[in-house]
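S.K.: Sequence:
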Amino acid sequence: MRLASTKSVTPGMILAQSIYNENGVVLIQKGLKLTEKMLGRLLNQGITYIYIEDEFTEDIYVEPVLSDKLRVDASKTIKDIFLELRESGLKERAYILEKKGKKLASVVERIMEDIKSSEKSLSMLTEIFITDDYIFHHSLNVTIYSLAIGVEMNLSNKKLTEIGIGAMLHDIGKIFIDPEILQKPDKLSVEEFEIIKEHTTMGFDFLRKSADMPAVVSHCAYQHHERLDGSGYPRGIKGDEIHTYAKLIGIADVFDAVTSNRVYRDAMLPHEGLEIIYAGAINLFEKNMVEAFKRSIVVYPVGLSLQLSDGREGVVVRQNKHICDRPVIRIMSEDGKHMRTPYELDLASVINVTVTAVITD
Numbered sequence: 001m002r003l004a005s006t007k008s009v010t011p012g013m014i015l016a017q018s019i020y021n022e023n024g025v026v027l028i029q030k031g032l033k034l035t036e037k038m039l040g041r042l043l044n045q046g047i048t049y050i051y052i053e054d055e056f057t058e059d060i061y062v063e064p065v066l067s068d069k070l071r072v073d074a075s076k077t078i079k080d081i082f083l084e085l086r087e088s089g090l091k092e093r094a095y096i097l098e099k100k101g102k103k104l105a106s107v108v109e110r111i112m113e114d115i116k117s118s119e120k121s122l123s124m125l126t127e128i129f130i131t132d133d134y135i136f137h138h139s140l141n142v143t144i145y146s147l148a149i150g151v152e153m154n155l156s157n158k159k160l161t162e163i164g165i166g167a168m169l170h171d172i173g174k175i176f177i178d179p180e181i182l183q184k185p186d187k188l189s190v191e192e193f194e195i196i197k198e199h200t201t202m203g204f205d206f207l208r209k210s211a212d213m214p215a216v217v218s219h220c221a222y223q224h225h226e227r228l229d230g231s232g233y234p235r236g237i238k239g240d241e242i243h244t245y246a247k248l249i250g251i252a253d254v255f256d257a258v259t260s261n262r263v264y265r266d267a268m269l270p271h272e273g274l275e276i277i278y279a280g281a282i283n284l285f286e287k288n289m290v291e292a293f294k295r296s297i298v299v300y301p302v303g304l305s306l307q308l309s310d311g312r313e314g315v316v317v318r319q320n321k322h323i324c325d326r327p328v329i330r331i332m333s334e335d336g337k338h339m340r341t342p343y344e345l346d347l348a349s350v351i352n353v354t355v356t357a358v359i360t361d
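Numbering (the UniProt record's numbering), first residue to last: 1 to 361.
Don't take every hint at face value.
As the list claims (entries may be wrong) - Under the rule of at most 30 angstroms between Cα atoms (straight-line distance), these lysine-lysine pairs were calculated in the DSS-like manner:
| hint | residue 1 | residue 2 |
| --- | --- | --- |
| 1 | LYS159 | LYS321 |
| 2 | LYS187 | LYS79 |
| 3 | LYS209 | LYS100 |
| 4 | LYS116 | LYS76 |
| 5 | LYS69 | LYS102 |
| 6 | LYS159 | LYS238 |
| 7 | LYS209 | LYS102 |
| 8 | LYS116 | LYS102 |
| 9 | LYS238 | LYS187 |
Keep in mind that the hints were calculated from the coordinates and are not lab data.
All of these numbers come straight from a predicted model, not from anything done at the bench.
With the hints as constraints, model all of the structure from the sequences given.
M.R.: As structure tokens, then:
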């Protein structure tokens, strides 16, 4: 299979990776020939990249980050908590969070164990979902990325659990924001953006009143948009004034936001999202956390077509753990000529060859 821009896929091509909703239900089964109607629906849902079958890459297989059962359990837990809180009165909310707290911690611990036991780096692009509410999907992705950074930094299980719960609930304040503003498909006005920014304070005020939540969890909600140079919100605090967990979750939050499929804009590919994080590695984000994040994720996902500095082109077939910007490439063409017998090139062992472009059509 190879990864292609949905806009470049033509009717008749065969889907190589099933597309799901957040409940794990298959919406479009792999192996189906894609029709113009299907492709239009995917684009309307904000799905900008899909996997398609290709005779030269038919042996390439992409493994999910989490097991299907764990992803469904985690998505359901987040969705249940957010929806119950959104639809409940003030007096009921503290009880709901208390009731769901143990389930939340259990899901975080399961995700943490999956990440620790995996020999592979994270690539969320391999799991293509259509969801009615971005917040649930985003909260899970931010949890996964945050835990991956924490694991790479060798943090204790206690700290990882706190980070995981903080990441799952970092956007909890959005349940108090008008859904019409949250789900607006167009650019927000200045006034609307100011309302959105209030989710940090609202989340903090709600979580700090819960006796069963660690105090640091409320600070994750409060500070995940703060930045080292004081340019963040809601308080514009700087450096060590920002809680370590919030700094870490802030990196995961930005990366997932720019690499996720959204109706109003195309998702960036991981290498593009990482460039944004690196651009802020001095003024906005802790450099050691950015480096840990880079070691944790896949920069060029399996199935992605790349152009190399020596003119060769190929498809990513495998990753090199901890050097994720130097994958193994199956070379498909040299000097503009298609190879009759493709061969593999390990970029980790060839230091004078670099990736110069990503090919998505």
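S.K.: None of the hints should be skipped; say for each whether it holds.
M.R.: Hint check results:
1. LYS159 - LYS321: Cα-Cα ~24 angstroms, so holds.
2. LYS187 - LYS79: holds (25 angstroms)
3. LYS209 - LYS100: Answer holds: LYS209 to LYS100 is near 15 angstroms, not above 30 angstroms.
4. LYS116 - LYS76: Distance ~23 angstroms between LYS116 and LYS76 Cα, so the pair holds.
5. LYS69 - LYS102: holds (18 angstroms)
6. LYS159 - LYS238: holds (22 angstroms)
7. LYS209 - LYS102: Distance ~17 angstroms between LYS209 and LYS102 Cα, so the pair holds.
8. LYS116 - LYS102: Holds: LYS116 and LYS102 sit about 21 angstroms apart, inside 30 angstroms.
9. LYS238 - LYS187: Holds, at about 28 angstroms.
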